[in-house]
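Modelling step: build the complete structure from the supplied sequences, incorporating the hints.
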Amino acid sequence: MAVTAPIVEMRKINKTFPGVKALADVDFRLFKGEVHALMGQNGAGKSTLVKVLTGVYKQDSGAMMLNGKIIRPDTPLAAQKLGINTVYQEVNLCLNLSVAENIFIGNEPKKFGKIDWTSMNRKAEEVLERLNISIDVTRTLASFSIAIQQMVAIARVLDTSAKVLILDEPTSSLDEHEVEQLFKVIRKLRDEGLAILFITHFLDQTYQISDRITILKNGVFVGEYETDKLPKLELISKMLGKELSEFNYSSASVDKSKELAAAMGKDKVAVLRVKQLGLQGSIAPFDLELYEGDVLGLAGLLGSGRTEMARLIFGIDNAEQGDIFIKGKKRAINSPHGAMMQGIGYCTEDRKNEGIFAELSIRENIILALQAKSGTLKHLSAKKQTEIANEMIKSLGIKTPSAENEARQLSGGNQQKVMLARWLATQPVVLILDEPTRGIDVGAKLEIMEQILKLSKSGLGVIFISSEFDEVLRCSTKVAVLKDKEKIAELRGEDMTESRIMHTIAGGK
Amino acid sequence: MAWWRSLKNKKFFWPLVALVVLLLFNLFFTPHFFRIEIKEGHFYGNVIDILKNGAPIMLLAIGLTLVIATKGIDISVGSIVAVSAGVVAMLIGGSLQGIPKNPIWFAMTMAILVCIAAGLWNGMLVSRIGMQPIIATLILFVAGRGIAMVTTNAMIVWLYAKPFALLGQGYWFGLPFSIYLVIVLFLLTFLVTRRTSLGMFIEAVGINPKAARFAGINAKNILLGVYAFSGFCAGISGLVVCSTVMSADGNNAGLGFELDAILAVVLGGTSLNGGKYYLMGSIIGALIVQTLTTTIYAFGVPPEISRVVKAIVVWGMCLLQSSKFRSMIAGVFVKKELSI
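Each protein sequence line maps, in turn, to chains W and G. Taking my numbering, the leading residue of the first sequence gets 154, the next gets one more, and so forth. Taking my numbering, the leading residue of the second sequence gets 12, the next gets one more, and so forth.
I should point out that these hints are in silico values taken from the structure, not numbers from a laboratory. We put the CB at the ideal spot given by N, CA and C, even for glycine. Warning: the hint list may mix true and false statements.
[Claimed, not checked] Here are some chain G residues the structure puts well away from chain W; computed CB gaps all over 12 Å:
| id | residue |
| --- | --- |
| 1 | 38 |
| 2 | 188 |
| 3 | 212 |
[Said to hold, decoys possible] Keeping only pairs whose Cα atoms sit at most 35 Å apart, straight-line, the calculated DSBU-like set for lysine-lysine is:
| id | chain 1 | residue 1 | chain 2 | residue 2 |
| --- | --- | --- | --- | --- |
| 4 | W | 505 | W | 480 |
| 5 | W | 316 | W | 276 |
| 6 | W | 505 | G | 82 |
| 7 | G | 221 | W | 531 |
| 8 | W | 531 | G | 21 |
| 9 | G | 21 | W | 537 |
| 10 | W | 385 | W | 211 |
| 11 | W | 211 | G | 335 |
| 12 | W | 174 | W | 211 |
| 13 | W | 505 | W | 547 |
| 14 | W | 341 | W | 165 |
| 15 | W | 316 | W | 185 |
| 16 | W | 536 | W | 428 |
| 17 | W | 222 | W | 341 |
| 18 | G | 221 | W | 483 |
| 19 | W | 505 | W | 610 |
| 20 | G | 50 | W | 537 |
| 21 | G | 21 | G | 221 |
| 22 | W | 204 | G | 335 |
| 23 | W | 483 | G | 231 |
| 24 | W | 482 | W | 552 |
| 25 | G | 231 | W | 552 |
| 26 | G | 287 | W | 537 |
| 27 | W | 552 | W | 607 |
| 28 | W | 536 | G | 221 |
| 29 | W | 536 | G | 21 |
| 30 | G | 82 | W | 537 |
| 31 | W | 598 | G | 287 |
[Claimed, not checked] Covered, in the sense of this in silico footprint (three residues per stretch, anywhere, with C-beta under 8 Å from a C-beta of chain W), are these stretches of chain G:
| id | region |
| --- | --- |
| 32 | 201-211 |
| 33 | 214-225 |
As structure tokens, this is what we get:
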């Protein structure tokens with residue numbers, strides 16, 4: 154396979170967005186008859202690279218070749234015409250149309266200007282047969298499982314001219330059996346000579362299906378490897394951009410947290426106890442225990458189920474099973490409002506879309522949750538509001554000339570502090586921080602982490618989520634390790650090192 | 012000039028400018044526009060007419076402002092005006108002696124309750140079923156007129172109960188009674204939303220419903236509430252409309268009011284994208300709409316082109332309020348002022 158020339162070759166691709174270098178001199182090769190996995194953490198540049206290849210973005214510099222010829226697709230349609238087809242994560246099909254209609258939409262076989270239904274249905278059956286599926290193509294798509302829908306989406310882009318198939322997280326909403334079904338189809342297509350680019354966050358699946366792996370980190374090409382020659386552990390360390398030897402250090406702050414953990418008396422009540430909480434397709438049932446002053450770190454790669462865990466506890470998603478106990482009492486939590494009333498706070502990872510109200514003032518952003526907690530009728534006076542806001546601005550070091558400025562004027566780090574302030578104002582017993590350090594500068598990161606340690610000392614139970622394992626270790630008194638939407642281990646004391654986390658993730662259950 | 016700067020920073024400044032421009036036009040081009048006579052102890056004149064005839068739209072605009080602040084819309088208010096008029100007319104009854112069938116307070120309360128129920132229906136569809144507001148309220152936009160027709164048995168009911176005429180025709184201290192209704196409703200709404208956290212919650216839901224939910228705000232109930240309130244405002248508006256003409260006409264009462272009211276809110280500076288809302292702006296917006304209508308009559312614009320003229324003026328006012336357009340104009344004419 155390595156002897157032949159690659160079907161797709163991207164050389165020295167650069168792409169800059171305002172303020173961000175998304176891709177820097179990235180190389181990428183894709184061969185005929187292989188399944189190639191593109192791996193990387195958040196912000197690695199995976200999706201930007203795919204979007205350049207499929208004509209959604211135009212690269213600033215660099216060349217792309219298909220079968221040795223330079224191509225410049227400027228729209229997704231142009232890329233499709235060249236034989237580069239994409240099936241996106243969110244299946245964009247019409248659920249209320251029949252399977253056959255979905256496959257031939259915009260491209261229906263015609264007879265005398267009218268749609269030739271008989272031949273359309275027959276052709277649809279033929280295409281699906283290629284994927285080893287025999288279903289009634291006249292039924293609406295909605296009546297089939299997501300796996301089948303996924304395959305219909307694949308069938309739709311598979312015509313004779315297809316050379317490259319890009320699958321963007323196709324398995325994220327499938328169960329094990331459905332994944333196997335999909336993989337069978339992918340293997341068949343690969344054996345027929347298609348070049349398949351597969352993007353996933355599931356490590357095990359990468360090893361099950363891919364022949365070759367390209368790793369990106371922060372927009373930089375890390376390397377291209379043959380899957381069976383790249384141990385899982387090495388893959389993880391390359392994705393995180395750290396040499397294995399680095400993982401063995403035990404920092405002073407970790408020792409400190411260990412002391413702190415040791416200082417915890419057993420007489421303390423668990424502020425949060427979670428028993429077998431779970432939701433199909435979101436996260437497998439898990440247990441958690443959080444004492445006053447605990448910082449529980451959730452460590453795992455992107456898509457490992459960290460946020461899903463937080464969403465269940467905070468009532469954004471409703472669990473199918475399991476119980477939540479707050480300070481020893483069982484509580485039914487089925488909405489963020491309910492969770493808040495029980496003393497849980499949640500700083501979302503998606504600050505922009507789920508957190509900050511850009512047009513409201515900093516004061517209003519801070520006061521919002523407290524006001525929602527105390528109820529509409531118990532209105533805080535303007536004076537009291539300003540007082541609380543100013544206190545928070547001072548204690549968290551939010552850089553703003555006034556509490557009345559609009560929140561959108563703040564930098565990312567300061568917005569993050571506003572989110573923190575919003576929840577601290579409600580005086581929670583449990584605070585969940587989802588990637589509080591993402592997208593902010595190093596100085597602000599340190600400040601946020603200092604705040605977390607300070608909060609835990611004051612008796613708050615904190616759940617801390619971060620993709621940066623060293624951050625998790627620096628702040629946490631214990632660490633839960635997640636992988637492929639499941640909690641697989643809990644590490645304490647001396648086990649809390651980056652290399653242990655890596656080995657745990659790489660080693661499976 | 013501190014007062015000027017603080018006025019200029021008020022959100023209703025540009026709507027106010029638009030209104031003043033319109034009034035200045037009348038000052039120069041419409042004879043006797045500002046003449047106010049005193050007849051039987053009441054003020055009469057175009058300006059008073061604007062207040063009086065604009066009252067129903069102002070009442071609607073108050074309710075709609077909150078709906079639009081949540082990034083919603085309520086196009087059923089015109090039809091709910093007809094429902095309110097129909098219900099109150101049927102309960103008072105068309106006795107020629109002017110003796111009401113039921114006490115007038117009872118009839119009015121029932122009419123308003125029916126309208127609140129209509130608003131709750133809209134709110135249920137939007138907040139619980141998740142229907143798009145324009146579709147959800149389209150149902151009552153159509154059905155409301157039908158309900159109004161049913162209550163009046165498809166007839167125009169004429170009322171003779173004198174006391175009921177106070178709402179739409181009466182005067183207090185020389186001014187139309189309906190304007191006091193507007194002032195009271197405006198103040199109540201202002202106080203209830205701005206002196207509690209309700210206004211902030213409404214804006215939060217309009218800016219980002221997801222973030223609002225994540226911040227522990229019960230967004231569904233906020234939505235339900237604003238639509239119910241819009242129904243309530245439409246109910247009061249309907250009473251005024253019915254009282255003004257002392258009749259209830261299911262087909263024509265409140266016809267097209269929803270568009271005038273939406274226009275008033277938008278002219279007043281509240282964005283259809285939701286978020287920050289300006290009650291005072293909406294009142295000024297309603298005054299602009301009514302002044303425009305009155306101007307067109309008083310100036311003697313031929314009826315066949317009056318709608319076109321109205322559209323052109325509205326278009327101009329919207330441009331005036333666009334800060335992008337203003338800076339474009341400023342860039343062309345007075346480049347120096349930009350640096351201030």
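Evaluation of the provided hints:
no., hint, in the structure
1, 38, "37 Å, holds"
2, 188, "32 Å, holds"
3, 212, "7 Å, violated"
4, 505(W) with 480(W), "32 Å, holds"
5, 316(W) with 276(W), "20 Å, holds"
6, 505(W) with 82(G), "18 Å, holds"
7, 221(G) with 531(W), "24 Å, holds"
8, 531(W) with 21(G), "28 Å, holds"
9, 21(G) with 537(W), "24 Å, holds"
10, 385(W) with 211(W), "33 Å, holds"
11, 211(W) with 335(G), "30 Å, holds"
12, 174(W) with 211(W), "14 Å, holds"
13, 505(W) with 547(W), "23 Å, holds"
14, 341(W) with 165(W), "32 Å, holds"
15, 316(W) with 185(W), "8 Å, holds"
16, 536(W) with 428(W), "43 Å, violated"
17, 222(W) with 341(W), "27 Å, holds"
18, 221(G) with 483(W), "27 Å, holds"
19, 505(W) with 610(W), "29 Å, holds"
20, 50(G) with 537(W), "52 Å, violated"
21, 21(G) with 221(G), "29 Å, holds"
22, 204(W) with 335(G), "33 Å, holds"
23, 483(W) with 231(G), "26 Å, holds"
24, 482(W) with 552(W), "40 Å, violated"
25, 231(G) with 552(W), "34 Å, holds"
26, 287(G) with 537(W), "22 Å, holds"
27, 552(W) with 607(W), "19 Å, holds"
28, 536(W) with 221(G), "28 Å, holds"
29, 536(W) with 21(G), "22 Å, holds"
30, 82(G) with 537(W), "29 Å, holds"
31, 598(W) with 287(G), "32 Å, holds"
32, 201-211, "holds (count 5)"
33, 214-225, "holds (count 9)"
In this structure, the earlier hints numbered 3, 16, 20 and 24 are contradicted, and the remaining ones agree with it.
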